[in-house]
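Which chain is which? The protein sequence lines are S and F, in order.
The first sequence begins at 1 in this note's numbering and counts up one residue at a time.
The second sequence begins at 1 in this note's numbering and counts up one residue at a time.
Just so you know, the hints here were simulated from the structure itself, not pulled from any lab data.
Please note that a few of the clues may not be correct.
Over 12 Å on every C-beta distance to chain S, these chain F residues come out as not near it, computed from the model [what the hints assert, rightly or not]: (1) Glu-51; (2) Asp-120; (3) Thr-223; (4) Ser-257.
Pair ranges (Cβ atoms, derived) [said to hold, decoys possible]: (5) S:Arg-95 / F:Lys-106: 38 to 48 Å; (6) F:Lys-66 / S:Thr-31: 11 to 21 Å; (7) F:Gln-212 / S:Glu-77: 35 to 45 Å; (8) F:Asn-147 / S:Glu-77: 39 to 49 Å; (9) S:Glu-27 / F:Ser-250: 19 to 29 Å; (10) S:Gly-36 / F:Asp-211: 50 to 60 Å; (11) S:Gln-57 / F:Glu-139: 28 to 38 Å; (12) F:Val-141 / S:Gln-75: 46 to 56 Å; (13) F:Ser-250 / S:Thr-121: 33 to 43 Å; (14) S:Thr-121 / F:Ser-16: 53 to 63 Å; (15) F:Lys-183 / S:Glu-77: 54 to 64 Å; (16) F:Ala-23 / S:Gln-75: 51 to 61 Å.
The C-beta atom is built at its ideal place from N, Cα and C for all residues, glycine as well.
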Amino acid sequence: MADDRNFLLKIITPERVFFEEEATMVEFNTTEGEIGIYKNHVPMTVIVKPGILTITQEDGIKEAALHSGFVQILQDEVTILAEIVEWPEEIDVERAEAAKERAEERIKSRTPETDMARAETALQRAVARIQVLK
Amino acid sequence: MASMRDIKRRKGSIQSTQQITKAMKLVSTVKLQRAKGRAEKSKSYFECMYETVTSMLAKTGSLEHKYLKAGDSQKKAVIMITSNRGLAGGYNSNVIKLITQGDFKKEDLCIYAVGGKGRDTLGRYGYEIKADYSDCIEEPVYVDAMNISKELLNGFAAGEFGEIYLAYTSFKNTVSHEPKLLKLLPVEIEAGEAEEEKTSKALMNFEPEDDQALDMIIPKYITSLIFGAMVESAASENGARMQAMDSATSNAEEMISNLTLMYNRARQGSITQELTEIIAGANAIS
């Protein structure tokens with residue numbers, strides 16, 4: 001019966017097809033909060049926020065850092081159009097740590113010109129990268 | 001009749017030109033394969049993107065949104081994608097013609113140039129070149145497209161221009177490329193297509209609500225169009241260059257065979273002449 005719980009998960013980036021396999025569940029961050037999706041979800045389009053993408057498959061769990069894009073959810077198919085997504089082995093820890101510090105610094109020493117939204121996204125991105133590695 | 005030496009020299013120079021064009025053809029064939037691969041890989045992303053955006057717009061229908069109606073400004077921004085290098089047949093001039101011979105007024109345009117050839121030519125014609133992103137056409141990456149679209153959307157939001165166009169070369173297959181002019185903003189989806197989508201797609205919910213979702217998705221849509229255009233143009237450029245170099249090589253071959261014929265005739269002629277002279281000389285003595 002296990003097959004019935006699976007849906008097709010496609011993760012597409014502008015440069016390549018990142019992932020295209022059957023999955024049981026997928027979890028990620030959206031602008032409205034974290035969500036997890038099983039098969040037969042209501043058709044929906046959501047916008048991604050930087051965070052960890054967790055793919056649950058029959059033979060285990062895969063994780064990746066998902067930074068921006070949007071997701072089209074259909075009953076038996078989920079398509080993630082990701083502008084940026086990385087497997088843990090593709091992430092450069094030192095760069096992520098440096099980016100995190102930079103973003104924190106910018107938020108702390110905020111001036112009227114600071115683009116807070118940008119700084120916060122940068123911070124979230126760096127945090128997501130570091131978390132995926134752990 | 002040209003002397004033997006002249007013909008020989010001419011032949012030599014054509015031969016070395018042929019070697020160059022042959023090498024260039026080989027190089028652009030390899031580059032074309034790579035660019036084609038990239039264009040194909042990224043295709044599914046745009047198809048999905050297009051599908052989502054059309055279904056969204058079909059659903060939201062007559063929604064009032066800043067990206068769906070033209071700005072007040074008369075100015076029009078055009079992103080023009082050409083190459084940095086020449087010798088690609090009509091590739092660059094076809095794109096430039098789209099702009100110079102279209103319905104645009106020169107004063108209304110500001111050009112965002114990607115590719116040095118187009119920038120230089122339009123600059124010479126007196127068009128306003130607003131920005132230049134020529135370094136990114138060699139190896140288009142998504143970040144470049146993001147930067148361009150960000151700047152354009154900021155300009156659009158600030159009312160600097162009312163419409164945004166994209167001029168590029170679409171890549172159909174290795175031998176056929178077509179220069180295209182695409183309207184990016186305001187977003188226009190043809191009515192017929194929108195109707196079809198409406199029936200084929202089940203009810204789609206949006207989270208957050210429609211207009212906020214549009215705010216976020218339209219910029220991504222524009223970025224993906226720009227990126228797609230860059231990748232396709234890169235493939236077309238190499239395809240065009242390959243064709244141009246191929247015909248240059250075969251032209252050179254033809255010229256060489258003509259010259260060889262001429263050279264042999266001249267050689268034969270000179271031998272015959274020498275012989276007649278010798279015989280005439282021998283006859284005169286005896």
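For each hint, the structure was consulted:
Taking the minimum C-beta to C-beta distance to chain S, about 8 Å, the non-interface status of Glu-51 (chain F) is violated against the 12 Å cut. Remark: the non-interface label on Asp-120 (chain F) is consistent with the geometry, its nearest Cβ contact in chain S lying 29 Å away (cut-off 12 Å). Distance to chain S contradicts Thr-223 (chain F) as a non-interface residue, since its nearest Cβ pair spans about 8 Å, not more than 12 Å. No Cβ of chain S approaches the Cβ of Ser-257 (chain F) within 12 Å, the least distance being about 46 Å, so the stated non-interface status holds.
With their beta carbons about 45 Å apart, Arg-95 (chain S) and Lys-106 (chain F) fall inside the hinted range of 38 to 48 Å. One distance hint, 11 to 21 Å for the beta-carbon pair Lys-66 (chain F) and Thr-31 (chain S), holds here, with the actual separation near 19 Å. Hint check: Gln-212 (chain F) to Glu-77 (chain S), Cβ distance near 24 Å, so the stated range 35 to 45 Å is violated. For Asn-147 (chain F) and Glu-77 (chain S), the hinted distance range of 39 to 49 Å is not satisfied, since their beta carbons lie about 32 Å from each other.
Between Glu-27 (chain S) and Ser-250 (chain F) the CB atoms are about 59 Å apart, so this pair departs from the stated range of 19 to 29 Å. Between Gly-36 (chain S) and Asp-211 (chain F) the beta carbons are some 27 Å apart, a value that contradicts the proposed interval 50 to 60 Å. Taking 28 to 38 Å as the suggested C-beta distance range, the pair Gln-57 (chain S) and Glu-139 (chain F) conforms, at roughly 34 Å. Take Val-141 (chain F) and Gln-75 (chain S): their Cβ atoms lie about 35 Å apart, and the range 46 to 56 Å is violated.
Taking 33 to 43 Å as the suggested C-beta distance range, the pair Ser-250 (chain F) and Thr-121 (chain S) does not conform, at roughly 55 Å. Separation of Thr-121 (chain S) from Ser-16 (chain F) is about 56 Å and conforms to the stated range, judged on CB atoms against 53 to 63 Å. At roughly 31 Å, the beta carbons of Lys-183 (chain F) and Glu-77 (chain S) sit outside the given window of 54 to 64 Å. Checking the proposed 51 to 61 Å range against Ala-23 (chain F) and Gln-75 (chain S) shows it holds: the Cβ atoms sit about 55 Å from each other.
Checked against the numbered hints above, the structure breaks hints 1, 3, 7, 8, 9, 10, 12, 13 and 15 and satisfies the rest.
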